[in-house]
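With chain L fixed as given, assemble chain W onto it according to the hints.
In the order they appear, the protein sequences are chains L and W. Here the working numbering is used: the first sequence runs in plain steps of one and ends on residue 437. Here the working numbering is used: the second sequence runs in plain steps of one and ends on residue 437.
Simulated from the structure, these hints should not be mistaken for lab results. Being a predicted model, the structure only gives us computed values, none of them experimental. Positions of the beta carbon are idealized from the N, C-alpha and C atoms, including for glycine. Hints are not guaranteed to be accurate.
Within a straight-line C-alpha distance of at most 35 Å, the following computed DSBU-like cross-link-like pairs (lysine-lysine) qualify [said to hold, decoys possible]:
| no. | chain 1 | residue 1 | chain 2 | residue 2 |
| --- | --- | --- | --- | --- |
| 1 | L | Lys117 | W | Lys117 |
| 2 | W | Lys117 | L | Lys415 |
| 3 | L | Lys117 | W | Lys414 |
| 4 | L | Lys415 | L | Lys427 |
| 5 | L | Lys117 | L | Lys358 |
| 6 | W | Lys427 | W | Lys415 |
| 7 | W | Lys358 | L | Lys358 |
| 8 | W | Lys358 | L | Lys142 |
| 9 | L | Lys227 | L | Lys275 |
| 10 | L | Lys117 | W | Lys415 |
With the Cβ distance kept under 7 Å, some of the chain L side facing chain W (calculated, not the full set) [to be verified]:
| no. | residue |
| --- | --- |
| 11 | Phe149 |
| 12 | Tyr381 |
| 13 | Leu396 |
Footprint (simulated), chain W over chain L, 3 or more residues, beta carbon under 8 Å [stated by the list, open to error]:
| no. | stretch |
| --- | --- |
| 14 | 133-147 |
| 15 | 363-372 |
| 16 | 384-395 |
| 17 | 398-408 |
There are 2 protein chains.
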Amino acid sequence: MPVASQGTIKTLIPEELKDINVNIILSNTYHLYLRPGVDVIQKLGGLHRFMAWDGPILTDSGGYQVFSHRDLRRIDEEGVHFRSHLDGSPHFLTPEGVVDIQNALGSDIAMVFDECTPYPCSHVDAQKSMELSMRWARRCRERWRLSDDGSRALFGIVQGSVYPELRRRSVEELLKLDFPGMAIGGLSVGEPRDEMFEVLEATLPLLPSDRPRYLMGVGTPQDLIRAVALGVDMFDCVLPTRNARNGCLFTSQGRILIKNAIYAEDESPPDPECSCGTCRRYSRAYLRHLFLAGEHLSAVLNTQHNVSFYLDMMKKIREFIEFNSYGKWLHLADKALE
Amino acid sequence: MPVASQGTIKTLIPEELKDINVNIILSNTYHLYLRPGVDVIQKLGGLHRFMAWDGPILTDSGGYQVFSHRDLRRIDEEGVHFRSHLDGSPHFLTPEGVVDIQNALGSDIAMVFDECTPYPCSHVDAQKSMELSMRWARRCRERWRLSDDGSRALFGIVQGSVYPELRRRSVEELLKLDFPGMAIGGLSVGEPRDEMFEVLEATLPLLPSDRPRYLMGVGTPQDLIRAVALGVDMFDCVLPTRNARNGCLFTSQGRILIKNAIYAEDESPPDPECSCGTCRRYSRAYLRHLFLAGEHLSAVLNTQHNVSFYLDMMKKIREFIEFNSYGKWLHLADKALE
Chain L
100 MPVASQGTIK TLIPEELKDI NVNIILSNTY HLYLRPGVDV IQKLGGLHRF
150 MAWDGPILTD SGGYQVFSHR DLRRIDEEGV HFRSHLDGSP HFLTPEGVVD
200 IQNALGSDIA MVFDECTPYP CSHVDAQKSM ELSMRWARRC RERWRLSDDG
250 SRALFGIVQG SVYPELRRRS VEELLKLDFP GMAIGGLSVG EPRDEMFEVL
300 EATLPLLPSD RPRYLMGVGT PQDLIRAVAL GVDMFDCVLP TRNARNGCLF
350 TSQGRILIKN AIYAEDESPP DPECSCGTCR RYSRAYLRHL FLAGEHLSAV
400 LNTQHNVSFY LDMMKKIREF IEFNSYGKWL HLADKALE
Chain W
100 MPVASQGTIK TLIPEELKDI NVNIILSNTY HLYLRPGVDV IQKLGGLHRF
150 MAWDGPILTD SGGYQVFSHR DLRRIDEEGV HFRSHLDGSP HFLTPEGVVD
200 IQNALGSDIA MVFDECTPYP CSHVDAQKSM ELSMRWARRC RERWRLSDDG
250 SRALFGIVQG SVYPELRRRS VEELLKLDFP GMAIGGLSVG EPRDEMFEVL
300 EATLPLLPSD RPRYLMGVGT PQDLIRAVAL GVDMFDCVLP TRNARNGCLF
350 TSQGRILIKN AIYAEDESPP DPECSCGTCR RYSRAYLRHL FLAGEHLSAV
400 LNTQHNVSFY LDMMKKIREF IEFNSYGKWL HLADKALE
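Chain L extracted, bound-state conformation (with noise of 0.2 Å):
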């Protein structure tokens, strides 16, 4: 899932997201909740005719973006009271406010509303904070009973860090609460690859494999790929969009900075095995320029070639399962995007 934080997909339009066979984004409750305010997104219809976008949208819990900012926040079991960020206005959010905007936004799945544990993590603060997020998911999900028509998904979410075991109880909590989808969180905020893939290792065997199993925040295209091998089914991520309107591309040979001078007089296209509107018809010549010149169409066709780029990845993965054939081509896709 491509990330439309504040209600777009950076620089594309709703039908470039479905030229480049975009089926699902996501977006933040926390952003749309300050800003535009979830009365105004209510009143104009919800997200999907405000952003005038059909097709499915996740919606984070807010977790995440209200506990990064520490400073601005203070947790008690009723909830999280946290000062904006945008003007330092105070406010307070439960589980069950949590469910009602999510429900507000029209979001088809919703998440339950989590403590996204920091990294590093003592043992003891670790099973301190999954056991509040557990209880959480337990109010979310009664909340969300009251309004559940079938049509609509709200999926919970394991914590526990890196302490496999607490993991473990965390699964099994939410296990309890029947969720049509899982989420991994609290991974991918800053411990080492290696451990946050051991945590994978741990968790992903002990999630109903008949349902989505989805990895929050996650992450490079070799990440994914490890990631799917061990069962993943859903990511989100910010890092195409990120990295394009930074000049980084990802391509089958690898990441490129467009800005290098190498690119100067270079007549190819970013990535000559993609075949999404920039690859199409640019060459890396006139992307270097744009980006250099500091031009908006710069960020516009980068973001169209990386959201295209992990899309196609994905696809490919889905193929390559079908066909058995996954395990070889990991191999080779891990020795290629290094």
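Frame of chain L, contents of chain W only:
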């Protein structure tokens, strides 16, 4: 003509330009000459291929930009010595050189190299400047003949500041050179609007009515309407694109500043009479949100609308002329748009 200073209509891809009926664009010789450089563009197959635009391109001669950096240049009979505003590097442009550059870019309509007389300017200085521009126009014409195959055009540029008699002499000189189109330069450089129209009224009747008359660097919707009434056929202006990025939208009810609080929950499109992609899909509330959130898509959608507004207006003007009711519409439009 929307303006693609650096080889891109800021924010829009060529497909989007075609969607909103852009038939011809203007690009800036000065900007492209300095970055990425004419050699690069030539090696990559010319400007059309470089920017993936297969419609006509008019390039200005760079005169306006060279002369607007007053402390960076020195003029003599041969040409202009100037320093790059990007890196201070020294350059020398001659009328012949500027024709060669536009040939290398592959311009469909090239412009002669002229001195854009500043405002205010004494009669003595304006005369000297205009006479230099006319000698340069002759040199450009001579150079052009060497490669002219009739498939492209070189336009002359009338100078003479605000002095009708100098403008008349400038036209007489240019007529001797038999240009296939004539531009009026040195206006919209700071003079009062009434003074600009006085010069136009005095100059336009002197220009051949069977060849395009092009008013450079103008202007607001009202300016365009009045200037067409006086006989102008072509315009270029950064106003629709620049204002778009600043959140100023042109509409059939006048300009609106999209950041204003009155649009916070306004579900109507930017302009109810417009059928561009932005107006078909988005509310003022969404555009306001994008602008306040500093989102890239704000510039994309606003530019799409503003350029579309200008081109729709020109299309209507052409229809009114065809049905002989332009004078009546001029009166109505001037009232509505002020």
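Within 8 Å of chain W's CB atoms, at least three CB atoms from the stretch 363-372 of chain L: coverage verdict: Since three or more residues must qualify, the claim that chain W covers the stretch 363-372 of chain L holds, with 3 doing so at under 8 Å.
Given pair status - Lys358(L), Lys117(L), alpha carbons within 35 Å: Status holds; Cα separation ~28 Å.
Coverage of the stretch 398-408 of chain L by chain W (three or more Cβ within 8 Å): holds (count 3)
35 Å limit on alpha-carbon distance, applied to hinted pair Lys117(L) and Lys415(W): holds, 33 Å
Distance restraint between Lys358(W) and Lys358(L), which requires alpha-carbon spacing of 35 Å or less: With a Cα-Cα distance of about 34 Å, the restraint between Lys358(W) and Lys358(L) holds, given a limit of 35 Å.
Coverage of the stretch 133-147 of chain L by chain W, judged on three or more residues with CB within 8 Å: holds (count 6)
Satisfaction of hint between Lys415(L) and Lys117(W), Cα-Cα up to 35 Å: holds, 33 Å
Status of the Phe149(L) interface restraint (C-beta, 7 Å, chain W): holds, 6 Å
Given pair status - Lys117(W), Lys117(L), alpha carbons within 35 Å: holds, 19 Å
Within 8 Å of chain W (C-beta), three or more residues of the stretch 384-395 of chain L: Since three or more residues must qualify, the claim that chain W covers the stretch 384-395 of chain L holds, with 9 doing so at under 8 Å.
Satisfaction of hint between Lys414(W) and Lys117(L), Cα-Cα up to 35 Å: Satisfied, since the Cα-Cα distance of roughly 31 Å is no more than 35 Å.
Lys358(W) paired with Lys142(L) [C-alpha distance capped at 35 Å]: The hint holds at about 19 Å.
Of the numbered hints given earlier, the model fails none.
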